[in-house]
Amino acid sequence: MSEPGSADRDDGRSPWRRWQMGELQAPPSHAQRPDEAQRPQESQRSAERRDAVRRQAELEALRERIRREAHEEGLAAGREQGHAEGLAQGLEEGRRQAKDEMDARLAETLIPLTELAGAFGEALETLDERVAEDLVDLALATGHQLAGEALKARPRQVLELVRALLHTEPPLVGQQRLWLHPLDHKLVQTHLGDELSAAGWTLQPDDQLSRGGCRVTSANGELDATWESRWQAVKAQVRHRGPTTPRSEDDQ
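In the numbering used here, the protein residues as written are 1 to 252.
It cannot be assumed that every hint is accurate.
Claimed, not checked - Across the chosen pairs, the derived CB separations fall in these ranges:
| no. | residue 1 | residue 2 | range |
| --- | --- | --- | --- |
| 1 | Asp224 | Arg95 | 33 to 43 Å |
| 2 | Ser43 | Arg65 | 29 to 39 Å |
| 3 | Gln237 | Gln189 | 48 to 58 Å |
Because the hints were derived from the structure by calculation, they are not lab data.
All residues carry an ideal CB built from backbone N, CA and C; glycine is no exception.
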């Protein structure tokens with residue numbers, strides 16, 4: 001027995017139909033959404049941006065390295081040039097300073113020994129004879145050492161001595177010979193050879209003479225200008241400059 005109205009539902013003319021399995025399943029997986037289709041494009045653009053940023057950073061690093069290397073090369077070149085200029089200037093200043101110091105030392109050592117004797121003359125007036133003699137001996141020893149150092153530092157002094165002897169009045173008569181230490185002989189021959197030859201003088205080396213002195217001999221006499229004889233004359237002059245008048249009781 002059929003239900004009432006069943007014939008009307010099954011004849012196909014009814015506005016509803018029978019429910020069947022599978023009508024509520026999800027759409028196929030290959031039907032992607034719009035946002036899922038855009039993701040590969042965004043990933044590519046992001047990778048391109050990262051590459052651009054990386055290349056820009058590499059370019060900036062290269063520029064910085066080139067700038068730093070150029071700066072360091074410029075500094076090195078400047079230091080090298082400054083060092084060379086400073087070295088040349090330092091050498092020139094060193095030479096000038098050494099020359100000034102040598103000239104000053106020579107000026108001190110070549111002060112006439114008579115001035116040294118005059119200074120000790122004041123000591124002779126205030127001290128007793130024994131102390132004065134000790135001071136004179138000390139002055140002479142000091143003067144002898146200074147004069148010897150001056151001769152070593154300035155060997156050309158012998159040229160001045162020879163010029164003075166050449167113009168001595170009255171001159172020696174006859175064939176004249178100038179005797180010098182071998183080293184002084186070469187020096188005088190180089191600087192005064194023509195002048196001495198014109199005056200008729202003959203140069204003769206003598207290794208028995210000390211440097212800085214000489215002798216002139218002729219048929220009628222001799223001029224002794226050796227270092228030893230001149231020093232003896234200085235000593236005699238120094239000792240002669242002692243007190244000549246006795247001190248009063250008020251001075252004692």
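Evaluation of the provided hints:
For Asp224 and Arg95, the Cβ-Cβ distance of about 40 Å falls inside the hinted range of 33 to 43 Å, so the restraint holds. Taken as a hint, the range 29 to 39 Å holds for the pair Ser43 and Arg65, whose Cβ atoms sit roughly 33 Å apart. Look at Gln237 against Gln189: about 32 Å separates their beta carbons, and that is not inside 48 to 58 Å.
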